[in-house]
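All chains should be modelled from the sequences, with the hints used to inform the complete structure.
Chain order of the listed sequences is A and B.
Taking the numbering used here, the leading residue of the first sequence gets 51, the next gets one more, and so forth.
Taking the numbering used here, the leading residue of the second sequence gets 51, the next gets one more, and so forth.
None of the hints are false.
Since the list gives no way to pick one copy over another, a pair counts as held whenever it fits inside one copy or between any two copies.
In silico DSSO-like links for lysine-lysine, alpha-carbon gap of 30 Å or less:
no., residue 1, residue 2
1, Lys98, Lys60
2, Lys63, Lys98
3, Lys60, Lys94
FYI, nobody ran anything at the bench for these hints, they're computed from the structure.
2 protein chains.
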Amino acid sequence: MCEANAYLVKGGKEELVMESVDVIRPEGTSIYIQDIFGEQLWVKARIKEMNLVQHRIVFEEDQCLEG
Amino acid sequence: MCEANAYLVKGGKEELVMESVDVIRPEGTSIYIQDIFGEQLWVKARIKEMNLVQHRIVFEEDQCLEG
Numbered sequence: 051m052c053e054a055n056a057y058l059v060k061g062g063k064e065e066l067v068m069e070s071v072d073v074i075r076p077e078g079t080s081i082y083i084q085d086i087f088g089e090q091l092w093v094k095a096r097i098k099e100m101n102l103v104q105h106r107i108v109f110e111e112d113q114c115l116e117g
Numbered sequence: 051m052c053e054a055n056a057y058l059v060k061g062g063k064e065e066l067v068m069e070s071v072d073v074i075r076p077e078g079t080s081i082y083i084q085d086i087f088g089e090q091l092w093v094k095a096r097i098k099e100m101n102l103v104q105h106r107i108v109f110e111e112d113q114c115l116e117g
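Quick look at the structure:
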């Protein structure tokens with residue numbers, strides 16, 4: 051299977067938010083993610099980088115929302 | 051390998067822009083993509099949806115740029 055793990059960079063640290071991610075869909079200021087088991091999550095962030103061969107998705111908090 | 055094919059929705063049609071995509075990185079109003087062979091491409095678009103199990107990445111043209 052070719053799912054990936056999704057990480058959120060928050061305060062300089064990387065935290066795992068979901069494993070085995072299948073679907074990623076930006077929706078306004080959030081990102082909808084769904085894993086291969088159908089679990090769903092909305093992350094208030096933007097996509098920083100994805101590396102599919104390494105199975106890595108990295109989100110970062112939108113700094114515009116913090117001010 | 052877990053790379054994916056990247057498609058761009060343009061005028062209602064889907065066109066293949068790159069096969070075997072490894073890295074995806076939004077950069078301002080463009081998206082930087084790199085395939086497993088190191089080939090690079092910048093696509094003036096935003097991410098619409100990704101489905102990793104189906105190896106599909108779909109971009110769409112940013113409608114804000116068209117007006």
